[in-house]
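K.L.:
Respectively, the protein sequence lines represent chains A and B.
Using my numbering, you'd call the opening residue of the first sequence number 1 and step up by one each time.
Using my numbering, you'd call the opening residue of the second sequence number 1 and step up by one each time.
Calculated from the structure, these hints are not laboratory results.
The structure presented is a predicted model; accordingly, all values stated were derived computationally and were not measured.
Any given hint might turn out to be false.
To be verified - Pairs of lysine-lysine, DSS-like flavour, derived with a Cα cap of 30 Å:
hint, chain 1, residue 1, chain 2, residue 2
1, B, K26, A, K232
2, B, K497, B, K484
3, B, K442, A, K6
4, A, K390, B, K484
5, A, K46, A, K384
6, B, K542, B, K497
7, B, K484, B, K26
8, A, K46, A, K232
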Amino acid sequence: MVMPVKESHIVLGCFVSRLLVSFVFPSLQHQLDQSVEFSTPMTSFKSIQEGIYMFTKGLPTYNGGVVHHSPILIWMLSILPSQLFITVLYAAIDAYIAFQILQISKHLKYCNLPNYIFGILYVLNPLVLLSCVSKSSIIFTNVLITTALLHVLQGNIVFASMAIAAAGYLSLYPILLLVPLLGMIASWKRKILSIITTIITLQILLFISYEINGSSWDFIDSTYGKILTFSKVFPNIGLWWYFFVEMFDEFIPFFKSVFNLIVLVFIVPFTIRFNQQPLFAFILCLGWIILTKPYPTLGDAGFFLSLLPFFNSIFGYLRYPLLSTLLILHAVILSPIFYHLWIDLGSGNSNFFYAITLVYALGIASIIADLTWAMLRNEYDEGKPNYNVKVTQI
Amino acid sequence: MGLLERVQRVIVSRGLIPKIMAQLPKISIIFVAISILMIAILPMDGQYRNTYISENALMPSQAYSYFRETEWNIVRGYRNELVHMENSTSRERNQIMESWLNEFGVKTQIYENRDNEVLYGVFHAPRGDGTEAIVLAVPWFNVDGEFNTNGAAVGVALARYFSRWPVWSKNIIVVFSENPDSALRSWVEAYYTSLDLTGGSIEAAIVLDSPGENDYFDYLEVYYDGLNGELPNLDLVNIGIYIAEHEGMRVSLHGTPFDQIKENNYWTRLKILVASIQSSAFSGLTKTHGNEAFSGWRIQSITLKTKGNSGPLDITCFGRVPEAMFRSINNLLEKFHQSFFFYLLLAPRQFVSISSYLPSAVILSVAFVIAFMDSYINNPSFALPFFSNYTLIPAIVWTVTLVACFILAQLFLILPIPSLLLLINIVISISSIIIQNKKLFKPAVSNRLRSFAFLHLSLILTSLLMVNFPLSFMIGLMAFPMTKVRSITANTAPQIKLENIILLMISNPFIALIIYNNVSSNSGLQGLQGLRVINRLISAWKDMRCWTWFVLCLGWLPSWIMVAISVIENEREPTSHDVKKNE
Numbered sequence: 001m002v003m004p005v006k007e008s009h010i011v012l013g014c015f016v017s018r019l020l021v022s023f024v025f026p027s028l029q030h031q032l033d034q035s036v037e038f039s040t041p042m043t044s045f046k047s048i049q050e051g052i053y054m055f056t057k058g059l060p061t062y063n064g065g066v067v068h069h070s071p072i073l074i075w076m077l078s079i080l081p082s083q084l085f086i087t088v089l090y091a092a093i094d095a096y097i098a099f100q101i102l103q104i105s106k107h108l109k110y111c112n113l114p115n116y117i118f119g120i121l122y123v124l125n126p127l128v129l130l131s132c133v134s135k136s137s138i139i140f141t142n143v144l145i146t147t148a149l150l151h152v153l154q155g156n157i158v159f160a161s162m163a164i165a166a167a168g169y170l171s172l173y174p175i176l177l178l179v180p181l182l183g184m185i186a187s188w189k190r191k192i193l194s195i196i197t198t199i200i201t202l203q204i205l206l207f208i209s210y211e212i213n214g215s216s217w218d219f220i221d222s223t224y225g226k227i228l229t230f231s232k233v234f235p236n237i238g239l240w241w242y243f244f245v246e247m248f249d250e251f252i253p254f255f256k257s258v259f260n261l262i263v264l265v266f267i268v269p270f271t272i273r274f275n276q277q278p279l280f281a282f283i284l285c286l287g288w289i290i291l292t293k294p295y296p297t298l299g300d301a302g303f304f305l306s307l308l309p310f311f312n313s314i315f316g317y318l319r320y321p322l323l324s325t326l327l328i329l330h331a332v333i334l335s336p337i338f339y340h341l342w343i344d345l346g347s348g349n350s351n352f353f354y355a356i357t358l359v360y361a362l363g364i365a366s367i368i369a370d371l372t373w374a375m376l377r378n379e380y381d382e383g384k385p386n387y388n389v390k391v392t393q394i
Numbered sequence: 001m002g003l004l005e006r007v008q009r010v011i012v013s014r015g016l017i018p019k020i021m022a023q024l025p026k027i028s029i030i031f032v033a034i035s036i037l038m039i040a041i042l043p044m045d046g047q048y049r050n051t052y053i054s055e056n057a058l059m060p061s062q063a064y065s066y067f068r069e070t071e072w073n074i075v076r077g078y079r080n081e082l083v084h085m086e087n088s089t090s091r092e093r094n095q096i097m098e099s100w101l102n103e104f105g106v107k108t109q110i111y112e113n114r115d116n117e118v119l120y121g122v123f124h125a126p127r128g129d130g131t132e133a134i135v136l137a138v139p140w141f142n143v144d145g146e147f148n149t150n151g152a153a154v155g156v157a158l159a160r161y162f163s164r165w166p167v168w169s170k171n172i173i174v175v176f177s178e179n180p181d182s183a184l185r186s187w188v189e190a191y192y193t194s195l196d197l198t199g200g201s202i203e204a205a206i207v208l209d210s211p212g213e214n215d216y217f218d219y220l221e222v223y224y225d226g227l228n229g230e231l232p233n234l235d236l237v238n239i240g241i242y243i244a245e246h247e248g249m250r251v252s253l254h255g256t257p258f259d260q261i262k263e264n265n266y267w268t269r270l271k272i273l274v275a276s277i278q279s280s281a282f283s284g285l286t287k288t289h290g291n292e293a294f295s296g297w298r299i300q301s302i303t304l305k306t307k308g309n310s311g312p313l314d315i316t317c318f319g320r321v322p323e324a325m326f327r328s329i330n331n332l333l334e335k336f337h338q339s340f341f342f343y344l345l346l347a348p349r350q351f352v353s354i355s356s357y358l359p360s361a362v363i364l365s366v367a368f369v370i371a372f373m374d375s376y377i378n379n380p381s382f383a384l385p386f387f388s389n390y391t392l393i394p395a396i397v398w399t400v401t402l403v404a405c406f407i408l409a410q411l412f413l414i415l416p417i418p419s420l421l422l423l424i425n426i427v428i429s430i431s432s433i434i435i436q437n438k439k440l441f442k443p444a445v446s447n448r449l450r451s452f453a454f455l456h457l458s459l460i461l462t463s464l465l466m467v468n469f470p471l472s473f474m475i476g477l478m479a480f481p482m483t484k485v486r487s488i489t490a491n492t493a494p495q496i497k498l499e500n501i502i503l504l505m506i507s508n509p510f511i512a513l514i515i516y517n518n519v520s521s522n523s524g525l526q527g528l529q530g531l532r533v534i535n536r537l538i539s540a541w542k543d544m545r546c547w548t549w550f551v552l553c554l555g556w557l558p559s560w561i562m563v564a565i566s567v568i569e570n571e572r573e574p575t576s577h578d579v580k581k582n583e
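Please model the entire structure based on the sequences and the hints provided.
P.N.:
Take a look at the structure:
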């Protein structure tokens with residue numbers, strides 16, 4: 001594949017910067033993996049390493065209740081001979097995401113920015129950088145999501161469906177993105193093809209996992225079961241943990257299903273309402289999942305935020321971009337501080353950290369709401385921006 | 001919501017938003033004024049609260065204190081020996097002390113740090129599981145370099161006295177360190193990392209400071225504020241003050257002189273409030289009394305210091321305060337958690353909690369956000385697109401400045417030359433005179449550079465809010481003048497240039513600190529003449545892990561440098577024609 005010079009620079013820059021940070025600050029990976037912002041029980045590298053160890057020693061991987069990663073991921077990483085290769089792999093995947101984002105940006109209809117900006121914004125996004133350095137397994141999901149997005153835009157539906165199935169296989173909720181993905185496909189025939197491909201891919205992946213896992217289905221409960229039922233009540237930047245810490249036992253199953261329903265419930269409406277802007281619907285759904293999923297990390301947020309510049313043309317309609325920016329900035333900066341006050345110094349308590357996760361959720365939610373407004377407003381203007389029309393009283 | 005909508009409608013219909021936007025600079029000044037005002041009203045009646053013991057288990061002074069006449073001769077006996085030790089080496093002193101401690105069954109060990117030795121002994125609790133400990137720390141020399149004769153005598157006599165008692169459920173550790181800062185700090189760090197003889201996690205620490213060999217003293221001073229904005233749980237301070245007053249002592253905070261302790265009016269409360277903000281903001285720069293050494297390990301600690309030598313209180317009285325405090329802490333089943341961790345004391349028995357004082361620092365931080373909005377919105381370059389070189393260049397400058405400041409901070413840790421640091425900062429602040437007719441940046445870049453700077457500082461202040469409120473507040477106040485600098489073009493009056501330079505000078509972290517130190521009579525930084533405050537800042541990081549140096553270098557300095565760069569002469573302002581062309 002031949003790339004224009006600038007793009008190859010960006011992709012290379014992405015690769016080198018990740019490697020450089022990993023090598024210059026060797027202890028950073030461990031520190032980030034300890035932090036609740038970049039690491040959850042579902043994505044932590046420590047648990048991958050545990051899984052790799054158990055796997056290579058032939059022990060039952062999912063017996064200890066520590067490993068929550070998919071068998072295929074663990075199997076693939078266990079093939080790599082050393083840590084160095086894993087570091088290089090993570091950097092390469094991040095660079096590949098940057099490359100795919102550059103490619104996706106070429107398919108944008110209304111775009112007044114040069115393409116390389118999208119790549120640069122991804123490469124310079126500190127959340128993405130740190131998430132990559134922390135070796136959070138979320139990067140594998142992210143790369144599959146961009147793969148799906150790129151291929152559906154290129155018309156390669158089979159490959160896109162396979163990618164989304166794999167993303168769902170790795171961390172469950174991205175399977176919901178199949179819905180907006182279908183919205184991006186024009187004909188019904190191809191939609192059905194896509195659904196069938198996804199199902200078959202999932203079945204194959206699960207079957208391979210079953211084989212890898214020593215003919216045992218126990219990985220299903222350790223991965224998807226633990227995510228769906230939020231069995232590991234660990235503090236994270238999401239909305240779930242605080243809620244379930246002190247709830248009476250008899251209410252827990254009900255509220256867990258309600259919380260899962262919330263993740264699900266907006267996917268179809270978004271897709272239907274924005275069927276004219278399917279890419280927008282896709283990214284909106286992604287944002288919604290990131291907001292409501294049980295184990296989010298800042299790596300998720302960084303990925304979502306890096307995709308937003310695609311809608312640069314409607315940024316003029318945003319009503320409170322400054323507020324959203326400040327909310328996200330403050331949440332990102334204050335959350336490790338409040339966690340430190342709570343856990344290390346003992347002078348704060350869990351409410352401090354919870355408060356800041358609410359600020360973070362508010363930030364993501366205000367971005368989603370504001371973007372929705374901007375897109376609706378853009379529809380109202382029929383694509384020709386007219387910022388002076390007042391469509392609401394306030 | 002209905003009301004809010006109505007208000008919003010009125011605002012929109014009257015066209016208030018553009019009017020407000022135009023007044024942003026004034027609004028930011030008003031916010032600073034409100035912030036100061038909010039601190040100033042705290043000492044008024046009705047704004048503060050009386051302290052109370054929150055944890056019921058503590059029960060201060062409920063048990064009778066026995067450290068009385070029977071212990072007189074023991075304290076005196078030890079003191080008679082200690083008087084001769086002032087000039088002996090620390091090894092000799094520690095050896096004698098060690099033999100005394102061993103006599104009554106305290107296990108001892110000597111910890112050697114870089115410069116000196118720290119002697120400590122563990123008395124294992126007869127009734128405990130040995131997982132928790134209380135520390136009694138006695139620096140051989142106090143912060144003023146005086147030999148802590150009475151302190152050491154009371155310390156060892158108390159240790160002996162405690163060891164005969166079967167009531168203890170927490171291990172008791174006595175520590176004799178050479179000084180109250182670096183030596184004690186290094187011991188605490190070693191205790192949690194490398195020492196063999198330990199007695200579990202330290203719940204509380206009491207530092208005794210009583211120089212001289214007098215039998216009597218006038219009153220007690222209590223020091224409580226730790227490093228990096230940390231404070232001991234208010235319960236510990238409360239029981240200290242409660243017990244001392246119960247024993248008939250007057251308690252003074254932040255160096256209130258004896259004759260003023262009795263007074264309790266708005267001005268005395270304000271004075272103590274300001275002093276406590278100052279001493280917490282400049283922790284590590286001010287005198288280190290010993291309790292600071294325990295910061296950062298979840299240890300609640302205070303220093304008790306006797307003052308005067310003519311008063312009615314005898315030295316066993318001083319011993320009864322730690323005795324009763326130890327009894328109280330011994331009662332605890334959990335860690336200190338009941339009472340406040342964030343508070344400001346206005347008088348020994350009056351305090352304000354975080355909810356009362358935090359808003360003032362929030363407002364101060366918002367003042368910088370407003371300055372950020374002002375420099376971003378209120379100029380012709382606002383119309384230029386966000387994703388452009390006008391944003392990219394400031395972002396790059398910001399990154400470079402941050403890295404440069406980090407390198408600078410590290411370099412000066414190795415080579416602490418305050419005059420060089422000062423020179424660099426003065427040169428940067430007058431750079432707008434030095435670099436003339438160079439047209440460094442476009443006006444749009446210079447404006448956005450300033451917005452980046454203010455946003456950076458605002459974020460730093462916000463992140464410091466909870467961790468170190470006093471530091472955040474002081475930096476906010478001292479750095480605020482720099483939001484008033486104005487862009488310079490070729491035809492700007494020299495008067496404005498001069499104004500800019502003055503504003504930059506007084507808002508520079510180091511110049512401001514030096515000015516503050518030398519002008520303020522009550523800055524709490526006594527004894528640091530001239531530039532020595534910078535040396536102290538650096539040594540506070542090296543010896544005590546007090547990160548004020550890095551906050552100044554990575555928080556305040558980068559944003560100040562960016563403001564200073566932004567006022568170097570620009571090209572002309574963009575006309576509306578340019579704006580259109582760029583779009």
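K.L.:
Take the hints in turn and mark each one as holding or not.
P.N.:
Hints versus structure:
1. The hinted pair formed by B:K26 and A:K232 fails the criterion: a straight-line CA distance of about 51 Å is larger than 30 Å.
2. Of the pairs offered as hints, the one joining B:K497 and B:K484 holds, with about 12 Å between alpha carbons and a cut-off of 30 Å not exceeded.
3. Simply put, B:K442 and A:K6 have alpha-carbon atoms about 26 Å apart, close enough for the 30 Å limit, and the pair holds.
4. For a cut-off of 30 Å, the pair hint linking A:K390 to B:K484 is broken: about 36 Å separates their Cα positions.
5. With a C-alpha separation of about 51 Å, the suggested pair A:K46 and A:K384 falls outside the 30 Å cut-off, and the hint is violated.
6. Our distance criterion of 30 Å between C-alpha atoms is broken by B:K542 and B:K497, whose separation comes to about 39 Å.
7. As the CA atoms of B:K484 and B:K26 are separated by approximately 10 Å, the hinted pair is consistent with the 30 Å bound.
8. Only pairs whose Cα atoms come within 30 Å are accepted, and A:K46 paired with A:K232 is accepted, the gap being roughly 16 Å.
Checked against the numbered hints listed earlier, the structure breaks hints 1, 4, 5 and 6; every other hint is satisfied.
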